[in-house]
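Asks: Protein chains in written order, with the working numbering: chain A, 1 to 351; chain B, 1 to 351; chain C, 1 to 351; chain D, 1 to 351.
If you're looking for bench data, these hints aren't it; they were derived computationally from the structure. Hints are not guaranteed to be accurate.
When chains are identical, the list treats them as one kind, so a pair holds in a single copy or across two.
[Unchecked claim] Cut-off 35 Å, straight-line C-alpha distance, at most; resulting in silico cross-link-like pairs (DSBU-like, lysine-lysine):
id, residue 1, residue 2
1, K53, K8
2, K229, K279
3, K50, K309
4, K307, K229
5, K53, K308
6, K308, K229
7, K8, K50
8, K50, K308
Here the structure is a predicted model, which means the values were calculated and not measured.
4 protein chains.
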Amino acid sequence: MSRDNAEKLSFVNDYCEAAHPSILNRLSETALEKNPGYGTDAICASAAEKIRKACECPDADVYYLVGGTQTNLMVIDCMLQPYEGVVAAASGHVAVHEAGAIEFTGHKVLTLPEHLGKIDAGELDALVAGFYADGNYEHMVFPGMVYISHPTEYGTLYSRAELEALREVCDRYRLPLYLDGARLSYALASTEAGDCDLTLADIARLTDVFYIGGTKCGALFGEALVFTKNNMPAHFCTRVKQHGAMLAKGWLLGLQFDTLFNNDMYVRIGSNAIRTAKKLKKALAEKGYRFLIESPTNQTIVIVDNKKKAELAEKVNFSFWENVDENHTAIRFCTSWGTKDADVDRLIEIL
Amino acid sequence: MSRDNAEKLSFVNDYCEAAHPSILNRLSETALEKNPGYGTDAICASAAEKIRKACECPDADVYYLVGGTQTNLMVIDCMLQPYEGVVAAASGHVAVHEAGAIEFTGHKVLTLPEHLGKIDAGELDALVAGFYADGNYEHMVFPGMVYISHPTEYGTLYSRAELEALREVCDRYRLPLYLDGARLSYALASTEAGDCDLTLADIARLTDVFYIGGTKCGALFGEALVFTKNNMPAHFCTRVKQHGAMLAKGWLLGLQFDTLFNNDMYVRIGSNAIRTAKKLKKALAEKGYRFLIESPTNQTIVIVDNKKKAELAEKVNFSFWENVDENHTAIRFCTSWGTKDADVDRLIEIL
Amino acid sequence: MSRDNAEKLSFVNDYCEAAHPSILNRLSETALEKNPGYGTDAICASAAEKIRKACECPDADVYYLVGGTQTNLMVIDCMLQPYEGVVAAASGHVAVHEAGAIEFTGHKVLTLPEHLGKIDAGELDALVAGFYADGNYEHMVFPGMVYISHPTEYGTLYSRAELEALREVCDRYRLPLYLDGARLSYALASTEAGDCDLTLADIARLTDVFYIGGTKCGALFGEALVFTKNNMPAHFCTRVKQHGAMLAKGWLLGLQFDTLFNNDMYVRIGSNAIRTAKKLKKALAEKGYRFLIESPTNQTIVIVDNKKKAELAEKVNFSFWENVDENHTAIRFCTSWGTKDADVDRLIEIL
Amino acid sequence: MSRDNAEKLSFVNDYCEAAHPSILNRLSETALEKNPGYGTDAICASAAEKIRKACECPDADVYYLVGGTQTNLMVIDCMLQPYEGVVAAASGHVAVHEAGAIEFTGHKVLTLPEHLGKIDAGELDALVAGFYADGNYEHMVFPGMVYISHPTEYGTLYSRAELEALREVCDRYRLPLYLDGARLSYALASTEAGDCDLTLADIARLTDVFYIGGTKCGALFGEALVFTKNNMPAHFCTRVKQHGAMLAKGWLLGLQFDTLFNNDMYVRIGSNAIRTAKKLKKALAEKGYRFLIESPTNQTIVIVDNKKKAELAEKVNFSFWENVDENHTAIRFCTSWGTKDADVDRLIEIL
């Protein structure tokens, strides 16, 4: 991971800034108020109520956790039976970039091909049907739930029709469908911008459980896990504690989501990232750059020749994505809730 | 867990306030600065350097984690061999109040009797010697490390001589000695106040690994784990990730400890809690209350009759500790870095 | 573990001989018959039917496993929820002599005091009631099932009244009751001999799951696990495979139990051990030896002075049990299904 | 799993017969001899010595376990660091047919493409090199050992050159190389027959650990694990116990391998299977059948049209392998140490 240089422009990731000022202000103002521990406080309850409204899911159970990998492993470990694995795209975060955290809980990740980071309902159907058609299936890992991310690791989005198709397969085999929303505010802002037709209410309706990402979407840290079907695992808080994942001062999480869900701030935060990313994508296209993957959200994955890459690296921090050929590399620019237009303009100038 | 009432006095715990204002101010001031992730930033490095100096342990490895149970399970799981268990007092946090988090990592907690929350070096020696004297020891759990807390769960403290005696036994059997310092600022303030002779440098010298508690000692959250003998487990950050315990914005932890270790702020924070607790203990003694356990730190565990308890509960939030007899209950008052003299005075008045 | 000497008498354990000849004969006669794998064969089904009849439990599910620790960990891991632990006597095999196999599956062993190796229903009730009375119980390990052994590790036996009392407590808290019958044939032979009033049908009626020991009771190896309440965990065979505990040639287990449950052979095998143990106990009492623990079954735990112990060790193999004082040691003589009267007579002579 | 019918021919698998008569005879003859437990006996030592000689590896550590999946998970769990996974062919037994037993120990299986069931040294090199070239590798699962099977799951064999090439890559990255020899006698018989150039001594020299299969090669059950480089994991027997994998009567395993390694019996047992399989393969080729995969060992995987398959199923038990197209299926005939020429002749006639 390249270290930032304070004087350089930075488009490395969307978790490089601490938090939106309104969160920090509220934290400062309430610093000496005393709250009960472990999320049993009134602020957590208030945030949960706002989330239930935003999701149009009045019965949802909301539980706050600190980070994304932690949330993924808690959901997967607690919702699978011990003999089950989770189905995910080969490019899914749980399959590649979590240091084996899912396997560490004892569960296999069963992979499907990725199509721009997404899985296909037909291929999911074939995988599960094929499993049960095998006379020896009791000697194999049962497909026990489906993991998707939205936006995906490539910044792409599921349409409502695609999610409905996955839902239908999941219903057929009684598989819970889990959506990793680490960057959900950017997806929702894309829907707001007309680039996607999937709403927060759709997500709550079509999945069994999903999480609303805070870490990459304006919070200091934190993810809000939403169980949509009265399906929160029994004694979930004990299991959270057992995994070492319980925050003593649970209200710190509640306070952040209570702020983010004030007056649609969560979507507005995403819109800034989308708007600045679009400006950048447009400029890149006009300058003749090719994209490795085209996506409507805040990640821009573009192919540069290696000489250009070296030049850029002197002035801008970005992420290496992958080697394309001997002379070309795919690199990623990430905008965020905090990205300033001036910085994007400077980046475009440099490019 | 009793819910606080905003208008009532609260002495429930030492993690009821968010954080010391100097931490929140610094967070606000730097909210939009961009930092690299996962603790690879300059602030984490700066804090680690301050901690090494404070510990007089120039080679120490410092790693920041979010919470106490998480830190305990990471240390124990990563430093034990799979066939080993951790030795702890029967009253130790890892033995009782972590929802089986240690066993969940596959390791048994081997218990010793507690003496005011502490373990005895002679009894530790007997346990380990007895293990190896048993002809069938390969069918049993090997004692693989020793866990102590300082202050203990009862607020008591180890003396330097007691810690040296434990060290000697650990050396004899090559057992790493781990000290849980969830409330370490209160212990260090006690040493400053002359109630204990164990310094931070002693702790670094006599243990193999320990942690400096942030959550209960002025930070929003966070614990600084210190490996004192060039003994940080290989690829520790991968293992942290694998346990779901890695904070993406690692510098948030560094920033808090960098602030806490400015000009001895960490000890000063503890001193406020000790001073106010002493005022309370003195008043209680004068009023004829009996203590369940006498301790010099910020926890005050006192015996009240049940009628009195009910009266108190209307005006003050405190913790239930244990039933003493049919008519008496032990309850706990906790002071903290943020406790105000006025509140203690009001509590004394009520008592 | 002391190595046997072929010429010496051996009373070390009850798993020192291979198997009852009728089992080996049947194995030899059928060596080249072809059977389907994994216990799906007709012999396993036949043995299960015989066991169901012997237990007077027509709906029981029977599953064969290879060894005792394996059986204990499979039952406990598969019947507990992840946040639960198993309650056992402090002297229970799962608590002491299984190398932490239970904790290795992630579950804590919650111990009760042992009374001649047994647990007390009142103390069990107090433990569970105390757990739920603690306001912080969600931060602790839930008591999730009860483990007992019959005969116990000391050779003692539960009476029907004692087992009924445990059952009542288990019913109150909906805890499954599990009975480890590693040496069950010796318990059943004791009932036959009038030393105990607990029958196999009682055990099936009063427990949720138990196992009929083969390894120590005439089989080459193997234990028959009996789920008595239509409560075999879902996809149990997949979980057995996942633990590496599935025997490819499952019918080898079925064949042994099918033989052992022919014409009460299982109880007759136990009777030989009981009869020879009683002869030994009587002779020891007459010679003035004191017993550490008096038990009606095939283990005889007797106190000898250390000089005598050394003399004995030249002629007889036995087990060290524990040091009694500086000059005395408790040692154990074990008889088995294969013990010959001539050997017991020689042992008595030597004593 | 299709159930055998006693009157039908059976070529379902190579673990359908109990054991070679010489093993059962020896078991019967020694049934009442008393042995110390847990493999500490003289027979286990004798067998280990014979194995060391056969392997030309005088320092090898030999440990006996009951079954194949158990052996695989013990080796992989005990030889990997917690942050490491095992590299295997996508068709490897550990990747597909062990019900997730490897992931259940916390380790990911990192797959390589299979080439007739084998992995390619160049592709292994690329996988490991690519891992370390990724700047984020600490967030991913480290490749920690290499698993191969010989014969593979398809009955194919590694040549000496292929194994040396894998060894070279393993040396470059310090990866232990593990060979699963569930059907090793059939591989060794192929070498004897001139179809392969890899000897038992080569295997011991080129791998770090491998196992000599008993279950499928004439034993009742059991696998002999051979650590060739003074690299048996510390306290391995405690870890075996902890996994529930320890056989109390360890000598039962020793006795079987002591018999199998008498006068090359282990290779002779394989030769019968190879000879009868060759007869079958030759006849099939002459009759114009196509093979899905050609292999020199005891598995014959042949393509039949579905009408033929249905006819065959009335007279012969075989295994379903995979659907080839709408009208054709690949089925498997397995010969074994016990296959009779008369049965093969009848099968050929039927075909």
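Asks: My question is about K229 and K279: at a cut-off of 35 Å on alpha-carbon distance, are they close within one copy, between copies, both, or neither?
Replies: neither (39 Å within a copy, 52 Å between copies)
Asks: Treating 35 Å as the Cα threshold, decide for K50 and K308: within, between, both or neither.
Replies: neither (47 Å within a copy, 40 Å between copies)
Asks: Between copies, within a copy, both or neither: which fits K308 and K229 at Cα up to 35 Å?
Replies: Classified as neither; 51 Å inside a copy, 45 Å across copies.
Asks: If the cut is 35 Å between Cα atoms, do K53 and K8 qualify within a copy, between copies, both or neither?
Replies: between (41 Å within a copy, 32 Å between copies)
Asks: How would you label the pair K50, K309 (within, between, both, or neither) given a Cα cut-off of 35 Å?
Replies: Neither: 44 Å inside a copy, 37 Å across copies.
Asks: Since the copies are identical, ignore which copy is meant and state whether K8 and K50 lie within 35 Å (CA to CA) inside a copy, between copies, both or neither.
Replies: between (39 Å within a copy, 27 Å between copies)
Asks: Could you figure out if K307 and K229 sit no more than 35 Å apart (CA to CA) within one copy, between two copies, both or neither?
Replies: neither (53 Å within a copy, 45 Å between copies)
Asks: Pop the pair K53 and K308 into one bin, within, between, both or neither, using alpha-carbon distances up to 35 Å.
Replies: neither (48 Å within a copy, 44 Å between copies)
Consistency with the previously given hints fails for numbers 2, 3, 4, 5, 6 and 8, ordered from lowest to highest.
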